[in-house]
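Chemist: Each chain, letter by letter, is given below.
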Amino acid sequence: MFAFIVRRIVNLIPTFVLATLVAWIVIEIAPGDFATQFAFDQVDPNKAERIRSVLGLDRPWYVRYLFWLRNLVVEGDLGTSLTSKGSVTALIVPRMTNSLVLLLPATILTYLIAIPIGVYSALRKYSLGDRVLTVFSLIGLAVPNFFLALIFLALSVQWFQANGWFLVPTGGMTSTDYSDLTSFRQLTDVAWHMIVPLIVVVTSSLAFTTRIMRGEMLEILGQDYIRTARAKGLSERVVNYKHALRNAIIVIISTIGGILPGLISGAGTVEFVTGWPGITPLFIRSIFAQDVYVIMALLTILTLLLMIGNLISDLALALIDPRIRY
Amino acid sequence: MHRIVVHLFVLASLTLAVSALAQSYQWPAEYAPTLKQGGTIQETTFGDIGTLNPYLTSSANETAIFNGVAGPSIVLRDWAGTRSFKKADGSFNLYWGKEIEEVVPEQEFIITVREGWKWSDGVEMTTDDVLATYTIVGDPEVESNDFSCSVVDEEPVEVEILGKYQYRVRLAKPQVNAISQNECVTTNGLMPAHIFMPVYEAQGAEGIKTMWGVDADPSEIISGGPYMITEFRPGERLVLEANPSYGEFVQAADGSPIPGPDRWVVTVTEDQNQELSRVVTGQASFYWPTTLDQVRALREAVDGGTISGTLNANIGPDTLVDFITYNFNNTDPCKQAMFRSPTFKSAISIMIDRNALVQAALGGLGFPAKDWNNASAAPFDAPNLDPFDFDPEQGVAMIRSLGFTELDADGVLMNPETGCRVEFDLQFNSGNERRGQEALVTSQTLAPYGVKINPREVSFEIWVNSIVGDLDFDETGARTVDYDAQIWGLAGGDVDNPNFDNGLRINSNLNSWNKSKSDVEAWEILMDRLTVKMADTLDLQERVAVYNERAALMREYLPMTPLISPAFHIYTDLSGLWPLEALDANSIESPYRPGGFREHLASP
Numbered sequence: 218m219f220a221f222i223v224r225r226i227v228n229l230i231p232t233f234v235l236a237t238l239v240a241w242i243v244i245e246i247a248p249g250d251f252a253t254q255f256a257f258d259q260v261d262p263n264k265a266e267r268i269r270s271v272l273g274l275d276r277p278w279y280v281r282y283l284f285w286l287r288n289l290v291v292e293g294d295l296g297t298s299l300t301s302k303g304s305v306t307a308l309i310v311p312r313m314t315n316s317l318v319l320l321l322p323a324t325i326l327t328y329l330i331a332i333p334i335g336v337y338s339a340l341r342k343y344s345l346g347d348r349v350l351t352v353f354s355l356i357g358l359a360v361p362n363f364f365l366a367l368i369f370l371a372l373s374v375q376w377f378q379a380n381g382w383f384l385v386p387t388g389g390m391t392s393t394d395y396s397d398l399t400s401f402r403q404l405t406d407v408a409w410h411m412i413v414p415l416i417v418v419v420t421s422s423l424a425f426t427t428r429i430m431r432g433e434m435l436e437i438l439g440q441d442y443i444r445t446a447r448a449k450g451l452s453e454r455v456v457n458y459k460h461a462l463r464n465a466i467i468v469i470i471s472t473i474g475g476i477l478p479g480l481i482s483g484a485g486t487v488e489f490v491t492g493w494p495g496i497t498p499l500f501i502r503s504i505f506a507q508d509v510y511v512i513m514a515l516l517t518i519l520t521l522l523l524m525i526g527n528l529i530s531d532l533a534l535a536l537i538d539p540r541i542r543y
Numbered sequence: 341m342h343r344i345v346v347h348l349f350v351l352a353s354l355t356l357a358v359s360a361l362a363q364s365y366q367w368p369a370e371y372a373p374t375l376k377q378g379g380t381i382q383e384t385t386f387g388d389i390g391t392l393n394p395y396l397t398s399s400a401n402e403t404a405i406f407n408g409v410a411g412p413s414i415v416l417r418d419w420a421g422t423r424s425f426k427k428a429d430g431s432f433n434l435y436w437g438k439e440i441e442e443v444v445p446e447q448e449f450i451i452t453v454r455e456g457w458k459w460s461d462g463v464e465m466t467t468d469d470v471l472a473t474y475t476i477v478g479d480p481e482v483e484s485n486d487f488s489c490s491v492v493d494e495e496p497v498e499v500e501i502l503g504k505y506q507y508r509v510r511l512a513k514p515q516v517n518a519i520s521q522n523e524c525v526t527t528n529g530l531m532p533a534h535i536f537m538p539v540y541e542a543q544g545a546e547g548i549k550t551m552w553g554v555d556a557d558p559s560e561i562i563s564g565g566p567y568m569i570t571e572f573r574p575g576e577r578l579v580l581e582a583n584p585s586y587g588e589f590v591q592a593a594d595g596s597p598i599p600g601p602d603r604w605v606v607t608v609t610e611d612q613n614q615e616l617s618r619v620v621t622g623q624a625s626f627y628w629p630t631t632l633d634q635v636r637a638l639r640e641a642v643d644g645g646t647i648s649g650t651l652n653a654n655i656g657p658d659t660l661v662d663f664i665t666y667n668f669n670n671t672d673p674c675k676q677a678m679f680r681s682p683t684f685k686s687a688i689s690i691m692i693d694r695n696a697l698v699q700a701a702l703g704g705l706g707f708p709a710k711d712w713n714n715a716s717a718a719p720f721d722a723p724n725l726d727p728f729d730f731d732p733e734q735g736v737a738m739i740r741s742l743g744f745t746e747l748d749a750d751g752v753l754m755n756p757e758t759g760c761r762v763e764f765d766l767q768f769n770s771g772n773e774r775r776g777q778e779a780l781v782t783s784q785t786l787a788p789y790g791v792k793i794n795p796r797e798v799s800f801e802i803w804v805n806s807i808v809g810d811l812d813f814d815e816t817g818a819r820t821v822d823y824d825a826q827i828w829g830l831a832g833g834d835v836d837n838p839n840f841d842n843g844l845r846i847n848s849n850l851n852s853w854n855k856s857k858s859d860v861e862a863w864e865i866l867m868d869r870l871t872v873k874m875a876d877t878l879d880l881q882e883r884v885a886v887y888n889e890r891a892a893l894m895r896e897y898l899p900m901t902p903l904i905s906p907a908f909h910i911y912t913d914l915s916g917l918w919p920l921e922a923l924d925a926n927s928i929e930s931p932y933r934p935g936g937f938r939e940h941l942a943s944p
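Sequence order for the protein chains is A and B. The numbering of the first sequence is our numbering, which starts it at 218 and goes up by one. The numbering of the second sequence is our numbering, which starts it at 341 and goes up by one.
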């Protein structure tokens, strides 16, 4: 096992370099650069060229990539944002933290709800409960996050206009008087603001995980060794939860690799519509502005976390599934 | 105990005495007659705040906010009056400036500033701050957005310190409203020299770039304006509180200290629905809606009593004007001949129903355009031009006069001798629904008359390359993008001299119709000369006359075919706003500047 871990960690190095190189090339392939947006300056026609020169954007792409890689590896420096001219790290860390604050409870909640629902649906296949949950799951899958968030936004506004007070906030992560609140009130304030984005995120991911869990349980329950277990006279509880669930959950564990980067990669459009100050808006804006160092910083961190997540996932599988040995 | 009281009394007396020594400024009654003190103002800003350094930002939103924090300007633009830095009698509208001697008209000034004005840390503002600002802004490595202000014709603006409160500014050559050059460098942020210069001298431009980033402690940020930054939550909120020392040297007309409100909360939004939801639930003190849906939602909220402010819709045109330009360098000889023909362009122009464009693209909240500037740029709004006619029959007759006398099998006008058809693509930048509607309605309006226009949505990059670049175009090949025609627009140009030097001159970067240096018509040469003449004409009335002459020339030859302007609207629940007649899209673009209304707003 130890040799496996060392081997995997060593393998991460070329994978990481290759991943960042490909990401850099993809960004470079996009037409134009950061300075292009200044081409329309009516007062200063040379602005775009001057910015291009000052920022070194007129150098070959591979030279800039090598500089960036050297700074990252040697100094741990993610670079300087072309837009804000400040440290990329200072720019992204608070926003990633905000995304984590939303997505960690959302992820935990998703698994806490989805796994029992998936098991229930599988054990009571085609029952009324299964059909109702299936319908809700399909709605959760079909309705885009941003649309669900917009509905909540509209309801929040309607409620305020009808009653003069907010049932749930129209957006944001904290109230304007947040810094004047006690620690406990700050906690409840964030929780209150989290209600809508949490419901939206959980609803969409719940559907997917529930369907996976249900399908996997159904497949396992049809296996010969489950029939054997029943033939041995084991109770239904033991058959379902010790033999079937333990095997069915392997597929969920194999997705852990994607959870780690998913926790900080933002909640997508939900963050836009609910005003949650996560990483997604910064990422999207950086793409539009072609702020290459912010984009690369995010991709780098996500790549790293994905690789670590996959390693953890593999190790967890070995612990759960006795057939897997490294 | 008695001693302490005496000491405190002496200290307070000294403070009052120092304050009294400050050469304060009192706003004229039309700007700030009285100010209600206290309270909180809330606003939303679209897009995140990427830096807390007023001197580095290139974002208009950030600049607007940070102008309440950066140091004062020398003079004010009188938006409620002359719209200039000068009064009607020719004297300057002084602010921090105490006296300005115009040594060489519109080229050299000796500026004396008021004494006793202080940064929020108690250090006095002096000409050291002016010199620091010029030095740092003028270093291109700093990447200040105001760098272009520190040079004239690529020559740096010369600054000479004559004393603690006096300095000389000299430009390379006289230019229109020359004091604005000084304003441009200092207004966007007179820098506290005692904070910035030690860093600049030790670490150069890189040191400046590391200052006051988003991870800075707000308490370390020095303010020279009416507000101080007290809290920043990335991606979420910026909180400003009144700078108590500011009111010591700047007061409203009734003598009350400025600013009136204690607190100003700026909430960051990244989504228009999110922003609107805040406004219609009373979480924003003012807001500029831009679409019909936004205006409608606000009207419902106001009429329903949910929010208590006033919505003033359709006050006038926004600074933006959309127009069509045609590619004179098109490689298709048929199209090139059409696009270079003034008759053809005039025909297309009068076949466009601009009122229909306003209805379709703006839901009726807009104005037909007659020039590339509009009323918000007055007096540079071409009063000598009539609105465009809408006369498609006349337009068809004009096209037929060019030899396009027959309809082909597709119902498109064609020239039987050359085989050329009246068909071209009309491109617009992807995602711009307004321009998409303009292209679509234009296409649908002209189709029954045998003019085939194909609306074409293109990527931002193609759209940009159709306008800029190609400065080394040599006639033998195609341009970077061999486009036919495209819709684009301009907004927010120079209010003193909208000569549009880098667009209307031959082979300039924003001249999107003809990139050739040699294959130009006589009218293009004349337009080029009038543009240069505008820049050299120092007298306002004469400059307006040159503008009008050029506007008439452009109407005849139509290098740009003006289409429409969106309307400008404002909602606010605050008092202290300018009179409605003084509000227009140009003045409101500077709401936070001294001379704008951030200082003057009273709390709700």
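It cannot be assumed that every hint is accurate.
Claimed, not checked - Think about it this way: if two alpha-carbon atoms lie no more than 27 Å apart in a straight line, the pair counts; the simulated DSS-like pairs of lysine-lysine are:
| id | chain 1 | residue 1 | chain 2 | residue 2 |
| --- | --- | --- | --- | --- |
| 1 | B | K513 | A | K264 |
| 2 | B | K504 | B | K458 |
| 3 | B | K873 | B | K427 |
| 4 | B | K513 | B | K427 |
| 5 | A | K264 | B | K857 |
| 6 | A | K459 | A | K449 |
| 7 | B | K792 | B | K513 |
| 8 | A | K264 | B | K504 |
| 9 | B | K504 | B | K426 |
Because the hints were derived from the structure by calculation, they are not lab data.
Chemist: Go through the numbered hints given earlier and state which of them the structure violates, listing their numbers in rising order.
Modeler: Structure breaks hints 7 and 8.
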